[in-house]
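We have chain E; now place chain A onto it with these hints.
These are the residues of each chain, in order.
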Amino acid sequence: MRHYDQELPPVRDERLNIGDAYAGNACGLVDCSKSGCMIRNNRGFWQTVACQMALSLMMAATVENAAIVLHGAIGCGAQMHALGLASSRGKLVRGKTPGQPVWVSTNLKESDVIGGGEEKLRETIRYVDAEFRPEIIFVVVTCAPSIIGDNVEDVVRKTQDASAAEIVSIHCPGFRSRVVASAYDSFYHGLLRHISFEPEPYRDYRPPAPSDPQYELEVKKYEYIKNHTVNLWNATSIGPSDEDEVVRLLTALGLKVRIFAEYSNADEFRMVSQAGLNVSLCNVHDDYILKYLEEKYGIPYVIAGMPIGKAATRKWLISAAAHFGLEDEAGRLADYEERLLDDAIRPLLPGIRGKRVLLGGGVVRVGVEAAALSELGMDVIGVRAYHFDNNAESVYEDVAETLGETPVSVSNQAFELVNQIKEYRPDLLITHAGSHGIVAKLGVPSMQMFSPEKSYFGYNGLFAFLKNIAFALENPSYQKRLAMHVKQPYKDSWFEKDAFALVTEKIPKKI
Amino acid sequence: MPSCVERPRSACALAGALAAMSALPGVVPIVHTALGCGGNLSGSFSLGAGYFGSGYCSGSSLPTSGITEREIVFGGADRLTEQIENTLDLIDAELFVVATGCMTEIIGDDAPSVVGEFEEAGKPVIAISTPSFLGDSYAGYEILLEGIFNYYLKPAPEEEKIPTLVNLFGIVPAYDPFFRGDLEEIARLLRALGLSVNTFFTPDQTYENILSAPKAGLNIVLSRIWGVDFAENFQERHGTPYWITDLPIGPEATDAFVIEAAEKTGISNENAKALIKNENEIYYGYFERGADVFMDSDFKFYSVVASNSNYAIPLTRYTERELGWVGLDTYVTDQLKDEQKEILKSAYLSGGPRAELLFETDASQISKAIVKRRPENRGQRYFDSVSPLFILGSALEKKTAADRGAQQLTVSFPAFNRMIVDRGYAGYRGGLHLFEDIVGSLVYPKG
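Protein chains in written order, with our numbering: chain E, -2 to 508; chain A, 51 to 497.
The reader is advised that the hints may include incorrect statements.
To be verified - Here are some of the chain A residues that sit facing chain E, going by a computed Cβ distance under 8 Å:
1. S53
2. L64
3. V81
4. G116
5. E119
6. V123
7. T137
8. L140
9. D142
10. N328
11. N330
12. Y334
13. Q457
14. M469
15. I470
16. D472
To be verified - No more than 30 Å apart at the CA atoms, straight line, and that leaves these computed lysine-lysine pairs for DSSO-like:
17. A:K173 - E:K484
18. E:K93 - A:K448
19. E:K451 - A:K449
20. A:K391 - E:K106
21. E:K484 - A:K204
22. E:K419 - A:K173
23. E:K494 - E:K438
24. A:K173 - E:K488
25. A:K448 - E:K451
Said to hold, decoys possible - Below, a sample of chain A positions facing chain E; criterion: calculated Cβ distance under 7 Å:
26. E56
27. R57
28. G125
29. D487
Source of the hints: derived by calculation from the structure; they are not laboratory data.
Glycine included, each C-beta is placed from N, C-alpha and C at the ideal position.
Here chain E stands alone, though its shape is the one from the complex (with noise of 0.2 Å):
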């Protein structure tokens, strides 16, 4: 439990085989990881991606009735305008009030630098709970203060007595992890930590009396009900469509599906507990906090993928529903909704079929996405990870067996990106969020790998997919007539090489 314990939470350079700069096939990928090659890889060339504490405030402000003391010098927050309007968005079409968070930045100035920053954020955390009054205090810990070495959680012990706010520290410097899936570790760090995952008597039930003569039943009725229970694990690029097409599916075998840690309350993490089996939606989302879970109540959990895709939405399927003895029903169900579903992609394949994708951006997605494409017959000229570890290994296992001679790489980097483009000239980008502009720029169209807008996962998902690829791919005249008046930054040299010649050992071999 050895993490768990400790008050700063790992980042995955610590837990697990990591990497975030290769270039071979999947097959290689997956002996790369296995025998730590991959950990050994670097790049002489670096272009700015995102920060783990962008995408910990990301999950933090979706948390309801939260608040966020952004414990930094003023530029670290810089993100949260267009996140509370994301998470604003998110919790209305959730049902739930709509509104951007709260957050405040202690605005660390030189003098905290040299001095300490304890002081600014005892007096902040106190201004925010006495101000806007929220049932949670994050307390995002951005480099400066990591590394001048601010006793959070100190302040944090010290002001939780007079708060009425619980209050969460999130430990996300930037500098401490190139992997921006750390992030996931250090919000759920802070949770398990602060947060109270135990129904609470009279507050969130009424416990039985033993004298009652329903006691028992009632004890097992409650006891069945929580084993019949599913946790499932969301993430800001799981849209609320999505959570209600894996809902239908587990609700179709009988099962009672609570949906965490995003979009989530106070009152509603203290029913964590209260479950028979936790489910991931991504192999690199929450492997921390469900192994703490299984730890700490019991409850085992599934890993097992990405429910995109015919193969790959029964194999998640059929693996959570094994748990409660299901898995004859989860496989008939997914026969039944197979044949609804290739009754409405068939006219939908041909305009696809044979068209040269490549798809970039989370390592679980990217590789599940493109097997799901190349089973219904596009043709994967390309898979591009952001990043890679052990985590992930499963699914490039299943992914070296459908498309086993593709090129598979992990990078996040433009630079690769754009040669990449220019080599294969693709018919369609399949990417991450924050590279359209560029791909549009070279004149080739693209589509979202994922949305909160839009649907993906299971049956529902694949049609919705499958159609918004075809869309994506009728009239291309916007990106054409860019690509017709946009210079590229890259002098011509770069795109003689190779896209990943930049790719080295990790110490650098010169100065």
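Chain A only, in chain E's frame:
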């Protein structure tokens, strides 16, 4: 009241420098920080400044040293050297600017000495120091200007000086979200007076404009605060005098601006007056037709302005002088030192405004102050309520206005609820745009 800031309307110095460089032709940053700073900050202003977006080599194309824990412990100079070498190899630009962040400044990385080796080898690389704890994005804009114009550019020989060439400074890219339209309108007017103008940050400019800056006869600083120290240092290095003035919004302010600009540049008063006459004819040719909807629909308002130190005063002046609105409060939302506040106060009062000048960074405190200073009717039969109210502010004021039943238009950062392309509010054309946007927001619910 602690020194924390709620939902700050500006990011760090690095963000200000990056936003400015993303609009500066031929200049590419190399961000010396952890991998995420550039992404976090670019994401902020490429969305928050009216969807400013990313340009030539900004956004996720930004080169960065991407330092990790290893460099925090052992120093980031080697990584920075390698990154500069490969950036020079890969990226096509005239000038590279290494910009530091909090973590590399705290650990004491000496970026100037790393860059020095490249400079000695004749490579166009400079370093600027832009950690967040030293200043916000407005300060970052000025730090960048210092680096390029007062450090990198050599003074021009006296015989190469061009007295009719003018440099424009003070409007802060992205954090003044209308910077491009504003710069273009000011340049249009100055060009109409017969001057040549460097705006630097608009798409018509090239790296040649930057190189020609030391030859200019005058620097115009369209800000009472941002770029003033820089202009003083510029004068010291290049001998170019400067003129500090407010950004003129609408015909009255712009008339005065044109007269004074002509005076400062040796253009005859007749030329200035001819331009003013012509521009006013065009302005009122449009503006007079708006009188019907403006008056028939009772578009007279009490007004509150919440904007930065560049925009708050000109906007207040416009609403009071050109629209005849009754100004109540003018909130300046950037973080200022006391002496900077004093400068703004005296500039403000010289215009004889109705509204009171206040300094407040936090949206919730502005909202509170409006309610406190102008109580709402709590059911009294006779109550002199402040209504109708119009708030010119940022997207953060949208909720404030909705809570109060007021109208609102987003005119400052963050501006998430509108797209800003070549629109500006400066000058005559800008005055018309502002009128169009205000009335447009009022008639939008119709139909």
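Outcome of the hint check:
1. S53: Holds, because the Cβ-Cβ distance from A:S53 to chain E comes to roughly 6 Å (cut-off 8 Å).
2. L64: holds (6 Å)
3. V81: holds (6 Å)
4. G116: holds (4 Å)
5. E119: Holds, about 6 Å.
6. V123: violated (10 Å)
7. T137: holds (7 Å)
8. L140: For A:L140, the interface hint holds, since the closest Cβ of chain E sits about 5 Å away, which is under 8 Å.
9. D142: holds (5 Å)
10. N328: Where the cut-off is 8 Å and the nearest Cβ of chain E is about 34 Å from A:N328, the hint is violated.
11. N330: A:N330 check fails; min Cβ-Cβ to chain E is 37 Å, beyond 8 Å.
12. Y334: Nearest chain E Cβ about 37 Å off; hint violated.
13. Q457: violated (20 Å)
14. M469: violated (14 Å)
15. I470: violated (15 Å)
16. D472: violated (16 Å)
17. A:K173 - E:K484: Given that 30 Å is the threshold and the Cα spacing comes to 22 Å, the pair holds.
18. E:K93 - A:K448: Distance of about 20 Å is within 30 Å: holds.
19. E:K451 - A:K449: holds (27 Å)
20. A:K391 - E:K106: Within the cut-off at roughly 19 Å; holds.
21. E:K484 - A:K204: Holds, at roughly 29 Å.
22. E:K419 - A:K173: Given pair E:K419, A:K173 holds - Cα atoms ~29 Å apart, limit 30 Å.
23. E:K494 - E:K438: Holds, at roughly 20 Å.
24. A:K173 - E:K488: holds (16 Å)
25. A:K448 - E:K451: holds (27 Å)
26. E56: At about 5 Å, which falls below the 7 Å cut-off, the nearest Cβ of chain E leaves the hint on A:E56 intact, so it holds.
27. R57: holds (6 Å)
28. G125: Violated. Min distance 12 Å.
29. D487: Violated, about 21 Å.
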